[in-house]
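S.K.: Sequence:
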Amino acid sequence: GGEKQEEVFDYVMVCTGHHNVPRLPNYQGMETFPGKQTHSHFYKEPFDYIDKRIVVVGVGNSALDISVELSQYASQVYVVSRRGRLPWILPRRGLFGRPFDHSISRFSGMLPGFIRNFIVRLVVSLTTGLPPENLRPLYPFSAAHPTVKSDFLDRLSTGTIAVKPDISSLGSDGSVSFVDNTIADNIDAVIYCTGYNYEVRFLDKEILSGGDIVKENFTEGEYRENIVWLYRFMFPPRYSNIAFLGFMQQIGAIMPLCELQARYVTALIKSEIPSLPSPEEMDKRIIAYHAQNRKQFYEAARHTTAVIMMPYADMIAKDVGCYPTLTKVLWKYGFGIWRRVLFGVPTPMQFRLLGPDTWPDAAKWI
1 GGEKQEEVFD YVMVCTGHHN VPRLPNYQGM ETFPGKQTHS HFYKEPFDYI DKRIVVVGVG
61 NSALDISVEL SQYASQVYVV SRRGRLPWIL PRRGLFGRPF DHSISRFSGM LPGFIRNFIV
121 RLVVSLTTGL PPENLRPLYP FSAAHPTVKS DFLDRLSTGT IAVKPDISSL GSDGSVSFVD
181 NTIADNIDAV IYCTGYNYEV RFLDKEILSG GDIVKENFTE GEYRENIVWL YRFMFPPRYS
241 NIAFLGFMQQ IGAIMPLCEL QARYVTALIK SEIPSLPSPE EMDKRIIAYH AQNRKQFYEA
301 ARHTTAVIMM PYADMIAKDV GCYPTLTKVL WKYGFGIWRR VLFGVPTPMQ FRLLGPDTWP
361 DAAKWI
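For the sequence shown, the residue numbers in my numbering are 1 to 366.
For the record, the hints were derived by calculation from the structure and aren't laboratory data. Do not rely on the hints blindly, as some may be mistaken.
List of simulated lysine-lysine pairs, DSSO-like, C-alpha gap at most 30 Å [claimed, not checked]:
| # | residue 1 | residue 2 |
| --- | --- | --- |
| 1 | 270 | 328 |
| 2 | 205 | 270 |
| 3 | 295 | 284 |
| 4 | 318 | 270 |
| 5 | 270 | 284 |
| 6 | 364 | 332 |
| 7 | 205 | 215 |
| 8 | 295 | 318 |
| 9 | 205 | 295 |
This one's a predicted model, so the numbers in the text were calculated from it and none came from an experiment.
Could you build the full structure based on these sequences and the hints that come with them?
M.R.: Shown next as structure tokens:
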């Protein structure tokens, strides 16, 4: 490396994201398996896998993207679902060719969960179709992050992709054994699409860790191991001069949320908004978040930082003072903009209509 320098700063914002340290499972025989083993983090292109027999572990977006691409080059692709079933697979476009996520609005978020689940299931049934009955998930749409890859079901129906349950062991002869006692022989490569650990290697681990609080409030397991102890997913309660941006696993777009986080942090630094709660109060709110989170999502490592875009954005916007209160929007901008804020696509421009840092042209872009 080059010359090292040491400087002192009043505040640090960590904006590296959390897709940096791959998380790998621990299967029997991994150390003696002769084939290639890699993580989706390092996957670049399919050409190294032409005419190979591949096992892809995971059923998230990366796993389905990689498996569909490889199915056009490899001789056989096995997709391993550690829960034994597929996720709900959403289309990129819904009814009438409209992008599926354009159906999300403030109004849709006001609907009861069972109605939203029914509507999504209906749209999926009419577009891409549902997974086979024996592979269909047992949880509702709202209980997990969506997976968007409609052509996966097409490849599954042709047999170029086969779904298997969790791995029981990897053999030194190149075989992979599954928990249903089936075996896939002559496997050339295993690609682990198993997510990431929340680590920032240039920081002390205790900054992100809740320490004894986590041990006291959460049972041992992958959920506890992946918890980051951040208030609003930004602030470690006992370190007042550091903030993390982009350290959540959002349902929706991440950049609008990071923009709001940046506005929140800079407003705090400039003392433009009230200071953060006490460390003890932040601890209580983090615990309350996880209690609610575990009611909404099924328990998994990837759901420890799960947030739904609009409720989280609105929470931050209220702290910053830029929340687009519907009555104020109606009074200031009229019915047309009010209707778009309530029923339209929730763009970042909505948070430039009222409060600090308003943008005169924001209404034109909503």
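S.K.: All hints, please: hold or fail.
M.R.: Now the hints, each set against the structure:
1. Annotation: proposed proximity of residue 270 to residue 328 holds, straight-line Cα distance about 26 Å (limit 30 Å).
2. The suggested pairing of residue 205 with residue 270 holds, with an alpha-carbon distance near 28 Å, which does not exceed 30 Å.
3. The suggested pairing of residue 295 with residue 284 holds, with an alpha-carbon distance near 17 Å, which does not exceed 30 Å.
4. Restraint check: the Cα-Cα separation between residue 318 and residue 270 comes to about 17 Å, which is no more than 30 Å; the hinted pair holds.
5. This hinted pair checks out: residue 270 and residue 284 have alpha carbons roughly 26 Å apart, not beyond 30 Å.
6. At most 30 Å may separate the alpha-carbon atoms for a hinted pair to count; residue 364 and residue 332 meet this at roughly 14 Å.
7. Of the supplied pair hints, the one linking residue 205 and residue 215 holds, its CA atoms being roughly 15 Å apart against a limit of 30 Å.
8. Between the alpha carbons of residue 295 and residue 318 the distance comes to roughly 24 Å, so the proposed pair stays at or under 30 Å and holds.
9. Distance hint between residue 205 and residue 295 is fulfilled; the C-alpha atoms sit about 28 Å from each other, no more than 30 Å.
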